[in-house]
Amino acid sequence: MVTIFDRIDEHVKSIFGDGPVCIHLGDIEKCEIKRHPVLPELRKAAMPKGSGHAIGIRLWESLVAIGRVRELVGDSSGKMLIVSCLTPCLRSTAWRVVRDRRAEIDDVMSEMVEAMLRAWSESAKGVPPRSMRDRMMSAGFDAGYRYGKKFSPECPTEHIDFFAAEEDSGHISSLKASSIIEPGRVMDSATAEILRGEAVGARLSQFDTLERLKRFHDDIRACRRGAVGGPVLNEAELARSWISGANHYYYYSDLFPLYMDMCKAADVLGVSESTARRMARNGEFPYTWVGRRCVVPVKGFMMASKIPDPLVHADDVENGAAHALGFGGPSSF
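If you count the sequence shown from 1, position 325 lands on 325 in UniProt numbering, and the numbers rise without skipping.
Check before you lean on any hint, since a few could be wrong.
What the hints assert, rightly or not - With a Cα cut of at most 25 Å, we get these calculated BS3-like pairs of lysine-lysine:
| id | residue 1 | residue 2 |
| --- | --- | --- |
| 1 | K30 | K13 |
| 2 | K214 | K150 |
| 3 | K214 | K30 |
| 4 | K125 | K264 |
As the list claims (entries may be wrong) - Here are the computed distance ranges between Cβ atoms for each label pair:
| id | residue 1 | residue 2 | range |
| --- | --- | --- | --- |
| 5 | T191 | E29 | 17 to 25 Å |
| 6 | E211 | S92 | 56 to 64 Å |
| 7 | S92 | R221 | 49 to 57 Å |
| 8 | R215 | E29 | 30 to 38 Å |
| 9 | G326 | R293 | 35 to 43 Å |
| 10 | D261 | E10 | 31 to 39 Å |
| 11 | R212 | V268 | 16 to 24 Å |
| 12 | P40 | R215 | 53 to 61 Å |
Quick caveat, the hints were computed from the structure, so don't treat them as lab data.
Where is the CB? At the ideal position from N, CA and C, for every residue including glycine.
All chains should be built: construct the whole structure from the sequences, respecting the hints.
Following this line, the structure appears as structure tokens:
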């Protein structure tokens, strides 16, 4: 019998395949570590003996960070990978509820999965990543037993008639383009879009990054870069998508490396590195491990720290930089 847990495992396998899975940066090609586990090895390592196992803690901190960062761009694969790592521990409980309470196995497992996803959503900030495994498992166990209590062990399920209101599944936060212009002050969305891009360009003109910015824009215009590194957007929402297409847009955070060292994060926050580490452990921003080195995903850090990450057009950024430097326009950039 194929259960919901089995379908989740199949879905995760269809995403990650039979090959190795990067548990450090989420991208094997950009990871410094050369050895990565395949899915069965990862599931086994995710549930080590002893809750204080150092390797297990680091693995979960990395899995949670990857899941959070992927979720920022509308990708649920990291979150579902975590659920898939937890389901082996919940199977026996689900079948016990079915046996003792005569409930349907798919109904019990559905309640468990929904509870785990709700726990994930409600713990996006302020919960230490190392606590996520126990929190999600506890939510799954509680949901399974709670659902079983709706059934009487004395009689079969077909004689039970009850009505239960669906619980609010919560809202998973997604990254939005944060405007540096107050929306109420700019009625025209196209104008607001131009102002956002020019403000980013003016800001970048203060640093020695213009050559790198020009190469980045050349890659965008030549379609040598992937799609926008953010949520999937309707081209109608972008003022000039009908001229150049949505691929000439990018998020401000796409200009930066995927990850930075903890000391850099501390500099941005204006705190000591030890304080930044404590903040990360408390769940105030995501972090992951590359070997023994602790690194911070830039997109996740910007969102957690409420640093604007506007969606901009390459032409606007160049115009803003050119004007700030006293050039005539982007052709002089």
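Checked hints:
no., hint, result
1, K30 <-> K13, "holds (21 Å)"
2, K214 <-> K150, "violated (63 Å)"
3, K214 <-> K30, "holds (23 Å)"
4, K125 <-> K264, "holds (20 Å)"
5, T191 <-> E29: 17 to 25 Å, "violated (39 Å)"
6, E211 <-> S92: 56 to 64 Å, "holds (59 Å)"
7, S92 <-> R221: 49 to 57 Å, "holds (56 Å)"
8, R215 <-> E29: 30 to 38 Å, "violated (20 Å)"
9, G326 <-> R293: 35 to 43 Å, "holds (42 Å)"
10, D261 <-> E10: 31 to 39 Å, "holds (38 Å)"
11, R212 <-> V268: 16 to 24 Å, "holds (19 Å)"
12, P40 <-> R215: 53 to 61 Å, "violated (41 Å)"
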